[in-house]
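Asks: Each chain, letter by letter, is given below.
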Amino acid sequence: MTRETAVPLHEMISGAKEEILTEWIKNQLSDKSRSKGVPEASLRNSSSEFIRLFEEAITKGNVDDIEKPEWEEMRHMLAELSATRASQGSTPSDTAKFIFSLKEPLFARLTPEKGQGNTEASAAVWQLSLLLDKLGLYTAETFQRTREAIIRRQQKEMLEMSTPVIKVWDGVVAVPLIGTLDSARTQIVMETLLQKIVDTGSRIAILDITGVPTVDTQTAQHLMKTVSATRLMGAECIISGIRPQIAQTIVHLGIDINDIVTKATMADAIKEALARGGWSFERHLESV
Amino acid sequence: MAVKSQEERSIANEDDILDVRNSVKRVTALLNFSLVNQTKIISAASELARNTLEHGKGGKSIIQLVTEPERIGIRLIFEDTGPGIPDLARALEDGYSTGRGMGLGLGGAKRLMDDFDIESKENEGTRVTVTKWTEKN
Ligand SMILES: Nc1ncnc2c1ncn2[C@@H]1O[C@H](COP(=O)(O)OP(=O)(O)O)[C@@H](O)[C@H]1O
Ligand SMILES: [Mg+2]
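One line per chain: the protein sequences are A and B, in this order. The numbers in my numbering rise by one with no breaks, and the one at position 130 of the first sequence is 132. The numbers in my numbering rise by one with no breaks, and the one at position 82 of the second sequence is 229.
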């Protein structure tokens, strides 16, 4: 795609730069679906920065391949913009729209009246359109990656938070598992749990998986490993917080958890644990 | 069947499996799958992505939104250029694993999804394609 236009693209644009910028910003500000998280000043800033880098890059003659060094500064700027906007809570489409919305004011300057022949103008529009699509796509992709990085970091932080093993009653400890149960996490859970069992002389440990988003065969393996280790310590495990959709998925996967005591909720598990410990309770309504 | 949109992701490490799961989750929610079906699809994706990483030595996943006149669905393709599977029937058996897994991933994914297709060639690689459908609303 290296169709030549008689008048270089950058010359067609540089004359009308200010006009294009003003109109572009005006359009963006009047867009009702615009994310309110992006302050006007930063929108103005990014827009003029974009135009500046855009002109600079196309002046060097490459209007096809944004992976080339001429576009490096632009890519850098867009990556930063994506990152900022991701943390400002913009949507990916919002962020891509930033670039796509430049088409209208830009193409308005490339009409034949501006001294261009008809074919020249439409070739230029075509070329610029493809170019802006690429830049828009690049921005949306970077945005997505930034957001994933944020999510991953948060997930990691969550995993790294110490695993609380709670003594809920004499002889009963409980762990509310939150997040993905990978090998590293299982190891931490197991060590903390076994230590607590020893320290408290507990006979029952409750593993609550309400906060585990996905259960697959690996997660199941990790849970079973924890259960076996607990048994080796002379304690029994109860797994609670198995939501109905997780229960169904476990069955479809063909995982056999028949020799593990499971309860729907942590409350049920505690009740069971207490009953096994010989505790019984009565409610005295007159004292409520 | 028409492919409405698709998203490609490489599977090179454990984090990538999380990303695949998150993308799949996003698409299933978009398609209004029931919570049970969302969970099933995500678990199937998790199994197959892990196979791509662990047995296939890494590869990629393609998440597609597909449509037919009466229904709409999510199609997941997992591809690698790894060692391949010499005996497909055996690999699909519950409990069969050449690693330290439970050997339930392939069979499980098949049960969790509506359509299941696997192609594999020794020393060339493996491609697993699964689809789950929902009625158009
Ligand atoms: N992508 C793949 N590449 C090569 N071999 C595979 C692949 N996926 C599955 N297999 C083979 O099929 C077997 C069964 O897979 P699966 O049911 O997921 O069980 P598991 O992963 O627990 O071993 C694996 O142990 C492996 O030998
Ligand atoms: Mg597997």
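In case anyone wonders, no lab produced these hints; they're calculated from the structure. Heads up, the beta-carbon is just placed ideally off N, CA and C, and yes, glycines get one too. Check each hint, because a few of them may be wrong.
Unchecked claim - Which bits of chain B does chain A cover? Going by a derived footprint, with three or more residues having C-beta under 8 Å, they are: (1) 210–217; (2) 228–239; (3) 262–275.
Stated by the list, open to error - Each computed BS3-like pair below joins lysine-lysine, with the alpha-carbon atoms no more than 30 Å apart: (4) LYS273(A) to LYS204(B); (5) LYS70(A) to LYS105(A); (6) LYS38(A) to LYS105(A); (7) LYS99(A) to LYS204(B); (8) LYS99(A) to LYS257(B); (9) LYS38(A) to LYS172(B); (10) LYS19(A) to LYS38(A); (11) LYS172(B) to LYS227(A); (12) LYS172(B) to LYS279(B); (13) LYS151(B) to LYS105(A); (14) LYS207(B) to LYS136(A); (15) LYS172(B) to LYS265(A); (16) LYS151(B) to LYS227(A); (17) LYS207(B) to LYS151(B); (18) LYS136(A) to LYS172(B); (19) LYS169(A) to LYS227(A); (20) LYS265(A) to LYS257(B); (21) LYS62(A) to LYS99(A); (22) LYS169(A) to LYS136(A); (23) LYS204(B) to LYS283(B); (24) LYS172(B) to LYS283(B); (25) LYS172(B) to LYS99(A); (26) LYS70(A) to LYS136(A); (27) LYS257(B) to LYS70(A); (28) LYS34(A) to LYS151(B); (29) LYS198(A) to LYS265(A); (30) LYS136(A) to LYS151(B); (31) LYS257(B) to LYS227(A).
Said to hold, decoys possible - Here are some of the chain B residues that sit facing chain A, going by a computed Cβ distance under 8 Å: (32) MET148; (33) ILE224; (34) GLY248; (35) LEU251; (36) GLY252; (37) GLY254; (38) GLY255; (39) ARG258.
Asks: Evaluate each hint against the coordinates.
Replies: Hints, verified against the model:
1. 210–217: violated (count 0)
2. 228–239: violated (count 0)
3. 262–275: Since three or more residues must qualify, the claim that chain A covers the stretch 262–275 of chain B is violated, with 0 doing so at under 8 Å.
4. LYS273(A) to LYS204(B): violated, 46 Å
5. LYS70(A) to LYS105(A): Holds - the C-alpha atoms of LYS105(A) and LYS70(A) are around 22 Å apart, at most 30 Å.
6. LYS38(A) to LYS105(A): Since the Cα atoms of LYS38(A) and LYS105(A) sit roughly 22 Å apart, the hinted pair holds (cutoff 30 Å).
7. LYS99(A) to LYS204(B): violated, 38 Å
8. LYS99(A) to LYS257(B): Given that 30 Å is the threshold and the Cα spacing comes to 40 Å, the pair is violated.
9. LYS38(A) to LYS172(B): Holds. LYS38(A) to LYS172(B) sits at ~27 Å (cutoff 30 Å).
10. LYS19(A) to LYS38(A): holds, 27 Å
11. LYS172(B) to LYS227(A): The hint holds at about 27 Å.
12. LYS172(B) to LYS279(B): holds, 13 Å
13. LYS151(B) to LYS105(A): This hinted pair holds, its Cα atoms lying about 25 Å apart.
14. LYS207(B) to LYS136(A): This hinted pair holds, its Cα atoms lying about 23 Å apart.
15. LYS172(B) to LYS265(A): Holds, because 26 Å separates the two Cα atoms, which is no more than 30 Å.
16. LYS151(B) to LYS227(A): Roughly 42 Å between the alpha carbons, so the hint for LYS151(B) and LYS227(A) is violated.
17. LYS207(B) to LYS151(B): Holds, because 19 Å separates the two Cα atoms, which is no more than 30 Å.
18. LYS136(A) to LYS172(B): holds, 27 Å
19. LYS169(A) to LYS227(A): Distance of about 21 Å is within 30 Å: holds.
20. LYS265(A) to LYS257(B): holds, 28 Å
21. LYS62(A) to LYS99(A): Holds: LYS62(A) and LYS99(A) sit about 25 Å apart, inside 30 Å.
22. LYS169(A) to LYS136(A): This hinted pair is violated, its Cα atoms lying about 57 Å apart.
23. LYS204(B) to LYS283(B): The hint is violated at about 37 Å.
24. LYS172(B) to LYS283(B): Holds, at roughly 19 Å.
25. LYS172(B) to LYS99(A): Status holds; Cα separation ~25 Å.
26. LYS70(A) to LYS136(A): holds, 13 Å
27. LYS257(B) to LYS70(A): violated, 44 Å
28. LYS34(A) to LYS151(B): Holds - the C-alpha atoms of LYS151(B) and LYS34(A) are around 28 Å apart, at most 30 Å.
29. LYS198(A) to LYS265(A): holds, 22 Å
30. LYS136(A) to LYS151(B): Holds. LYS136(A) to LYS151(B) sits at ~20 Å (cutoff 30 Å).
31. LYS257(B) to LYS227(A): Status holds; Cα separation ~26 Å.
32. MET148: Violated, because the Cβ-Cβ distance from MET148(B) to chain A comes to roughly 24 Å (cut-off 8 Å).
33. ILE224: The hint is violated - ILE224(B) has no Cβ within 8 Å of chain A, the shortest such distance being about 18 Å.
34. GLY248: With a minimum Cβ separation of about 6 Å from chain A (threshold 8 Å), the hint on GLY248(B) holds.
35. LEU251: holds, 5 Å
36. GLY252: holds, 6 Å
37. GLY254: Holds, about 6 Å.
38. GLY255: At 4 Å from the nearest chain A Cβ, GLY255(B) passes the 8 Å test, so the hint holds.
39. ARG258: holds, 5 Å
Comparing the model with each earlier hint shows violations of hints 1, 2, 3, 4, 7, 8, 16, 22, 23, 27, 32, 33; every other hint is respected.
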